[in-house]
Amino acid sequence: MNFEQSDFLSSMSVDDFIFFKKVKLIEKARTSWEHFEEVIYSLLDKAREGLSSSKDSFNYDDTREDAYSDMLLPYLNKYDEHGLVAVREGKSAGHCDIVITLGSFKWLGEAKKATGYDHIYSGFLQLCNRYSACHSNSRSGGILLYCSQKKVNLVMNRWITHLSENYIEKIDSYNNQNDENIKFTKHSHTESGTEYKVIHYPFYLYHNPLD
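The working numbering applies: residue 1 is where the sequence shown begins, and numbers increase by one.
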């Protein structure tokens, strides 16, 4: 950073500086799928924090998957004024739970309550065999898991095992470096034949205080 840039930034108000940072972030996200993907993952982290902090406000058994997904939208639309937009039931060869777009980039997310591995698996099939096409501007998607269990690590490990044992294509899996409960899988996409990556992202909704 040169002196002119430093002077420019130091003359900004706090609000202007925040706006400037958002603009630069989205400009970078437009340059590659990987940068676009990074922004989505950071938004999911914020959404998880928000949902977890308010989990005492709703009953898991009485709350529908769609209701949880609706709660995510304000967090996922943090940059909507800059062109990164999240919508519910977006059109993509059907109505996918969450569709996030930026220019020609499109990321698809299918959401499921973690009430059973076959139920989650149905969401994976919808994402990978109905909604996605796996072209250059839509190379990955996500399974969003609303979890009410105590030990989410066990749920996630068993889910990946279930997926690997049942899916028609070979599944390669690995953990997020900073959070082993966040899983990634890669497989050959049925339609395009190219590699498709899926993030399996848990939301922590267990609430049973002992005090």
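FYI, nobody ran anything at the bench for these hints, they're computed from the structure. Just so you know, these numbers come straight off a predicted model, no measurement behind them. Beta carbons: idealized from backbone N, C-alpha and C, even for Gly. Accuracy of the hints is not assured; some may be wrong.
As the list claims (entries may be wrong) - Restraint-style ranges between C-beta atoms, simulated for each label pair:
(1) Phe20 / Arg130: 11 to 21 Å
(2) Asp80 / Glu49: 30 to 40 Å
(3) Glu169 / His207: 31 to 41 Å
(4) Lys186 / Gly94: 36 to 46 Å
(5) Thr115 / Asn176: 20 to 30 Å
(6) Ser104 / Tyr41: 25 to 35 Å
(7) Thr161 / Ile18: 40 to 50 Å
(8) Asp80 / Arg158: 31 to 41 Å
(9) Lys21 / Asn208: 36 to 46 Å
Said to hold, decoys possible - With a cut-off of at most 30 Å between alpha-carbon atoms, the simulated DSSO-like pairs for lysine-lysine come out as follows:
(10) Lys113 / Lys24
(11) Lys170 / Lys113
(12) Lys197 / Lys151
(13) Lys78 / Lys113
(14) Lys46 / Lys24
(15) Lys113 / Lys28
Tested hints:
1. Phe20 / Arg130: 11 to 21 Å: Once the Cβ atoms are compared, 40 Å apart, the range 11 to 21 Å for Arg130 and Phe20 is violated.
2. Asp80 / Glu49: 30 to 40 Å: At 19 Å between Cβs, range violated.
3. Glu169 / His207: 31 to 41 Å: Given a distance of about 37 Å, which is inside 31 to 41 Å, the answer is holds.
4. Lys186 / Gly94: 36 to 46 Å: Once the Cβ atoms are compared, 23 Å apart, the range 36 to 46 Å for Gly94 and Lys186 is violated.
5. Thr115 / Asn176: 20 to 30 Å: At 23 Å between Cβs, range holds.
6. Ser104 / Tyr41: 25 to 35 Å: violated (20 Å)
7. Thr161 / Ile18: 40 to 50 Å: holds (43 Å)
8. Asp80 / Arg158: 31 to 41 Å: Holds - the Cβ-Cβ distance for Asp80 and Arg158, about 36 Å, lies within 31 to 41 Å.
9. Lys21 / Asn208: 36 to 46 Å: holds (39 Å)
10. Lys113 / Lys24: violated (35 Å)
11. Lys170 / Lys113: It holds: about 25 Å lies between the C-alpha atoms, which stays within 30 Å.
12. Lys197 / Lys151: holds (25 Å)
13. Lys78 / Lys113: Answer holds: Lys78 to Lys113 is near 24 Å, not above 30 Å.
14. Lys46 / Lys24: holds (19 Å)
15. Lys113 / Lys28: violated (33 Å)
Hints 1, 2, 4, 6, 10, 15 from the list above are not met by this structure, while the remaining hints are.
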